[in-house]
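Asker: Sequence:
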Amino acid sequence: MYKISYKTELHVGKGALQQLSHYKNEHILVVADPFLKTSGTLDAILANFDDSNDIVVFTDIVPDPPIETVVAGIKSAGDKPISIVLSIGGGSAIDASKAMYYFAKKQGAFSEAILIAIPTTSGTGSEVTSFSVITDAERGTKYPLVTKEILPDVAILDADLVLSLPGNITADTGMDVLTHAIEAYVSTKATDFSDALAEKAIKLVFEYLPKAYKNGQDVEAREKMHAASTLAGMAFNTASLGINHSLAHAAGAKFHVPHGRLNSILMPHVIQYNAGIEFNNRNRQAIDKTVASRYQDIAKLLGCSASSPVSGVRQLVEAIKKLQRKLEMPTSLREYGVKADAFAQYKVEISEAALHDGCTPTNPRVPTAEELLKVLEKAF
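Residues -13 to 366 in my numbering are what the sequence shown spells out, letter by letter.
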């Protein structure tokens, strides 16, 4: 028996931002990416509120938001009785706002507040998940915060906000969507419901991500990728993730590679490891039946022949590599620019951290630290 709950109210499509006009006499803490302020986008969004609302704006957001950012954001509200925490931006802004919302409530502040998320990238799916990732910059460690208390009450999906995304960010965030969907699909907690969401997200990514990358003003492609991001978020919020994200969390904290790009680099090697292909594994027959066949299903979804589990895995990996080439993405940590000496210094620590990451328990194959190290080395 399992329970599924989709709490977040979604407002989707052109003009969805007008939903903000319904809020009156609110005390609002806005947490937004700084470039939204300098570009004028933030002012355009906030213009949907009328003068009855009291608005505090916090834009000191950085990639991989540290604990200090969370504390500063809470302090920026002062003693105001915040009734709405509104996050606007990519994954960093939304993750930071979730952590602010959570810890402020633990301290007795924001007690009646709701959480609204407006994503300006098509990648993290954070607008519909119970996940947030906060960084301890001093220790170089990322900490996932996982609790239903940070699931947004409302998400507003307006693809107009992503039309100006640069190609490299479009690619990085799009591959993050794909990783979410594939990991949710093979998770030990996968269900028919999460499968349906993940399958649709995967199909949308392969069809529309290259189009959005090639032409950022392709409105249909942007809308489809925005939908794919949310669908994949809903899938992994139900089914959770796996070692692709565990390794990305740990390696990202050390090498500061964009999260989606790091997921992309790791993905082919994680798939082969999980399926028992090109790795020594302790129970190949069982893994072929339970994991490789799941990857085979994804390959068939993409139109591959996938006549056997092994061929399905290999065809899926090749399809991912072909997508990477279309997006002009690096396929190794070395190609991205990670130095050999830095990799040698941190690789064991990364593997150990990944083993204990919150995403690892739902990976379809139970790893050891040594096996995670091998996956990481193949990705270098």
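I should point out that these hints are in silico values taken from the structure, not numbers from a laboratory. The C-beta atom is built at its ideal place from N, Cα and C for all residues, glycine as well. Take the hints with a grain of salt, since some may be wrong.
Calculated pairs, SDA-like style, for lysine to any residue (alpha carbon to alpha carbon, straight line, at most 20 angstroms) [unchecked claim]: (1) K0 x L32; (2) K197 x D40; (3) K307 x I263; (4) K(-7) x K189; (5) K200 x N154; (6) K(-7) x F192; (7) K189 x F179; (8) K61 x A95; (9) K307 x E193; (10) K175 x L137; (11) K66 x I100; (12) K307 x E356; (13) K92 x G153; (14) K308 x A328; (15) K134 x Q203; (16) K308 x A182; (17) K10 x I100.
Listed next, with one range per pair, are the computed distances between beta-carbon atoms [as the list claims (entries may be wrong)]: (18) E124 x K(-7): 16 to 24 angstroms; (19) F179 x S291: 37 to 45 angstroms; (20) Q5 x H342: 37 to 45 angstroms.
Asker: Decide, hint by hint, whether the structure agrees.
Answerer: Structure-based check of all given hints:
no.: 1; hint: K0 x L32; result: holds, 16 angstroms
no.: 2; hint: K197 x D40; result: violated, 41 angstroms
no.: 3; hint: K307 x I263; result: holds, 17 angstroms
no.: 4; hint: K(-7) x K189; result: violated, 25 angstroms
no.: 5; hint: K200 x N154; result: holds, 11 angstroms
no.: 6; hint: K(-7) x F192; result: violated, 28 angstroms
no.: 7; hint: K189 x F179; result: holds, 16 angstroms
no.: 8; hint: K61 x A95; result: holds, 11 angstroms
no.: 9; hint: K307 x E193; result: holds, 15 angstroms
no.: 10; hint: K175 x L137; result: holds, 19 angstroms
no.: 11; hint: K66 x I100; result: holds, 15 angstroms
no.: 12; hint: K307 x E356; result: violated, 25 angstroms
no.: 13; hint: K92 x G153; result: violated, 39 angstroms
no.: 14; hint: K308 x A328; result: violated, 29 angstroms
no.: 15; hint: K134 x Q203; result: violated, 35 angstroms
no.: 16; hint: K308 x A182; result: violated, 24 angstroms
no.: 17; hint: K10 x I100; result: holds, 14 angstroms
no.: 18; hint: E124 x K(-7): 16 to 24 angstroms; result: violated, 34 angstroms
no.: 19; hint: F179 x S291: 37 to 45 angstroms; result: violated, 28 angstroms
no.: 20; hint: Q5 x H342: 37 to 45 angstroms; result: holds, 40 angstroms
When held up to the earlier numbered hints, the structure conflicts with 2, 4, 6, 12, 13, 14, 15, 16, 18 and 19 and fits the remainder.
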